[in-house]
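Enquirer: Chains as they are written, first to last, in my numbering: chain A, 1 to 149; chain B, 150 to 298; chain C, 299 to 447; chain D, 448 to 596.
There's no promise every hint is true.
Unchecked claim - No farther apart than 25 Å at their CA atoms in a straight line, the calculated lysine-lysine pairs in the BS3-like style are these:
1. Lys396/C / Lys545/D
2. Lys47/A / Lys494/D
3. Lys196/B / Lys98/A
4. Lys196/B / Lys345/C
Unchecked claim - Each pair of labels, with its calculated beta carbon distance range:
5. Glu308/C / Ser61/A: 54 to 60 Å
6. Asn212/B / Glu572/D: 44 to 50 Å
7. Arg26/A / His578/D: 45 to 51 Å
8. Arg26/A / Glu274/B: 45 to 51 Å
Worth flagging that the hints you see were computed from the coordinates, not collected in a lab. Only a predicted model underlies this, so the values are computations on that prediction, with no experimental measurement involved. In this text, a Cβ means the ideal position worked out from N, Cα and C, and glycines have one as well.
Below are the chains, spelled out letter by letter.
4 protein chains.
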Amino acid sequence: MQIAVIGSGEEWIAQAEEVGRLLGERGCVVVCGGLGEVMEAAARGAKSAGGTTIGILPGESPNEANPWIDYRVATGTGHARNLAVAASCEAAVAVGGKWGTLAEVAFARILGRPVVVLGPGPGAEGEGVEHAATPAEAVQLALDLAERR
Amino acid sequence: MQIAVIGSGEEWIAQAEEVGRLLGERGCVVVCGGLGEVMEAAARGAKSAGGTTIGILPGESPNEANPWIDYRVATGTGHARNLAVAASCEAAVAVGGKWGTLAEVAFARILGRPVVVLGPGPGAEGEGVEHAATPAEAVQLALDLAERR
Amino acid sequence: MQIAVIGSGEEWIAQAEEVGRLLGERGCVVVCGGLGEVMEAAARGAKSAGGTTIGILPGESPNEANPWIDYRVATGTGHARNLAVAASCEAAVAVGGKWGTLAEVAFARILGRPVVVLGPGPGAEGEGVEHAATPAEAVQLALDLAERR
Amino acid sequence: MQIAVIGSGEEWIAQAEEVGRLLGERGCVVVCGGLGEVMEAAARGAKSAGGTTIGILPGESPNEANPWIDYRVATGTGHARNLAVAASCEAAVAVGGKWGTLAEVAFARILGRPVVVLGPGPGAEGEGVEHAATPAEAVQLALDLAERR
Numbered sequence: 001m002q003i004a005v006i007g008s009g010e011e012w013i014a015q016a017e018e019v020g021r022l023l024g025e026r027g028c029v030v031v032c033g034g035l036g037e038v039m040e041a042a043a044r045g046a047k048s049a050g051g052t053t054i055g056i057l058p059g060e061s062p063n064e065a066n067p068w069i070d071y072r073v074a075t076g077t078g079h080a081r082n083l084a085v086a087a088s089c090e091a092a093v094a095v096g097g098k099w100g101t102l103a104e105v106a107f108a109r110i111l112g113r114p115v116v117v118l119g120p121g122p123g124a125e126g127e128g129v130e131h132a133a134t135p136a137e138a139v140q141l142a143l144d145l146a147e148r149r
Numbered sequence: 150m151q152i153a154v155i156g157s158g159e160e161w162i163a164q165a166e167e168v169g170r171l172l173g174e175r176g177c178v179v180v181c182g183g184l185g186e187v188m189e190a191a192a193r194g195a196k197s198a199g200g201t202t203i204g205i206l207p208g209e210s211p212n213e214a215n216p217w218i219d220y221r222v223a224t225g226t227g228h229a230r231n232l233a234v235a236a237s238c239e240a241a242v243a244v245g246g247k248w249g250t251l252a253e254v255a256f257a258r259i260l261g262r263p264v265v266v267l268g269p270g271p272g273a274e275g276e277g278v279e280h281a282a283t284p285a286e287a288v289q290l291a292l293d294l295a296e297r298r
Numbered sequence: 299m300q301i302a303v304i305g306s307g308e309e310w311i312a313q314a315e316e317v318g319r320l321l322g323e324r325g326c327v328v329v330c331g332g333l334g335e336v337m338e339a340a341a342r343g344a345k346s347a348g349g350t351t352i353g354i355l356p357g358e359s360p361n362e363a364n365p366w367i368d369y370r371v372a373t374g375t376g377h378a379r380n381l382a383v384a385a386s387c388e389a390a391v392a393v394g395g396k397w398g399t400l401a402e403v404a405f406a407r408i409l410g411r412p413v414v415v416l417g418p419g420p421g422a423e424g425e426g427v428e429h430a431a432t433p434a435e436a437v438q439l440a441l442d443l444a445e446r447r
Numbered sequence: 448m449q450i451a452v453i454g455s456g457e458e459w460i461a462q463a464e465e466v467g468r469l470l471g472e473r474g475c476v477v478v479c480g481g482l483g484e485v486m487e488a489a490a491r492g493a494k495s496a497g498g499t500t501i502g503i504l505p506g507e508s509p510n511e512a513n514p515w516i517d518y519r520v521a522t523g524t525g526h527a528r529n530l531a532v533a534a535s536c537e538a539a540v541a542v543g544g545k546w547g548t549l550a551e552v553a554f555a556r557i558l559g560r561p562v563v564v565l566g567p568g569p570g571a572e573g574e575g576v577e578h579a580a581t582p583a584e585a586v587q588l589a590l591d592l593a594e595r596r
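All chains, please: the whole structure from these sequences, using the hints.
Expert: Here's what the structure looks like:
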């Protein structure tokens, strides 16, 4: 099962890494934007648990990916890659995040993917957006919601 | 000056039409997603004031555009056309709206375009997102913010 | 009727300008990639005949457009804007061109738009790709093919 | 190393499968468009040799992928996914193919990726496009060219 970890913000790196680690432990493929901060932490966490990672990049070169990405998709379509991140998952966990994360949450909801927000989140509320207090709770909730789809 | 009108919801049609009309009167080119409801109302309003309209469509055919669109760009990239709507304006007015509008607000802010929200809006708050109580106030504020960029 | 002018190459500027001029005279809206060389020449030609031009840009800013573009759509999706150029026309005239033009011809044909090649062209042959010897012949053929669709 | 297999046409299925098999044997990750015919055959071939496959899909659902795809990226951007296929590889092998393949070859060359054509190919010739007579020759040539970049 492909689960996306989205978000941004240096202060969220530890939580993102823990989310990635737990997803890796559960056998999920972690999908992310492939670049730094939260994306890199989630991928590093997944790899620390023997998991697999996909980075969906905005640019035209796979070499942009952080070192924890196993499979690198360079979309070449800039911020439109946020649509691909949302479309490629069964559920998304948002860790921190601002406008870019908000676009991903919006696309996830347009496409019917459940979103679990850890922390205050990017500010998007509505049906299909749930909140969690810890990485463990976020991962469990995301997997439950993905299976119920 | 190209100003985007974004949003959705039948209950917002009258306000969207008024926003479009006022933008047309002020000599602005109205950019929108080219389809129905708020997009169509904004375009119709602009045309009623002798304005010009651009529709940026998700699909692969210009024929999808509503009848009030003068110039039709079929992006062929689905919801990624929301990025093009945001990138093609100097400022955006959001009238109603849900997840699709939220994606457009997010992209507008990533790209530094000011956004004026009329009504409760899609729920995105932050620097560069202002609120207005009436179509006239929204249009004036959008033009002021666009000029100050 | 929206007709695309695609292509590249300094040596094709005069012919592209003439194609644009003739399209403008015939009342067509000239769609192009909005940047330099053939794109700029076609737009300049259209404006010299009182025509209207749309530039579909790869980047995130309308300011990238050449000065002869009336309506500027910044797609933000890089080379994927070539799909939008092809999808937004009823027919395309290719003037010179290399790999970028080839992508546009390919997309035009996938979407059923006729293509008229002036000069040797980018090398794509097949059903729906016709050749013309002069700008006048190219424009006439493109309009005939667009009407027959 | 990620190598793309592009193309189309029922008559090319056996050759595409052999290309995929040889790439899998060589330890390459096979990148393709994730759908049927040549894409499916290449992925099946790669899996028969214990290889890994990535499908870069045009639609909004990972479920569109053929059963031989390990990692599924749903771009949601229609034919613009051809840009992502080209950008995500170090070299591409084209097996048969028509307009869609031509767009991928064009994007690969814009981005500096070498292309090896097996069979008559989609008709795109130029610097960086080489021809091969057999799947084995095509794979060897693609890997050589990818390494020389």
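Enquirer: Take the hints in turn and mark each one as holding or not.
Expert: Status of each hint after checking the structure:
1. Lys396/C / Lys545/D: holds (17 Å)
2. Lys47/A / Lys494/D: It holds: about 23 Å lies between the C-alpha atoms, which stays within 25 Å.
3. Lys196/B / Lys98/A: This hinted pair is violated, its Cα atoms lying about 36 Å apart.
4. Lys196/B / Lys345/C: Given pair Lys196/B, Lys345/C holds - Cα atoms ~23 Å apart, limit 25 Å.
5. Glu308/C / Ser61/A: 54 to 60 Å: violated (28 Å)
6. Asn212/B / Glu572/D: 44 to 50 Å: At roughly 35 Å between Cβ atoms, Glu572/D and Asn212/B fall outside 44 to 50 Å, so the hint is violated.
7. Arg26/A / His578/D: 45 to 51 Å: holds (47 Å)
8. Arg26/A / Glu274/B: 45 to 51 Å: violated (34 Å)
Of the hints listed earlier, those the structure fails to meet are numbers 3, 5, 6 and 8, in rising order.
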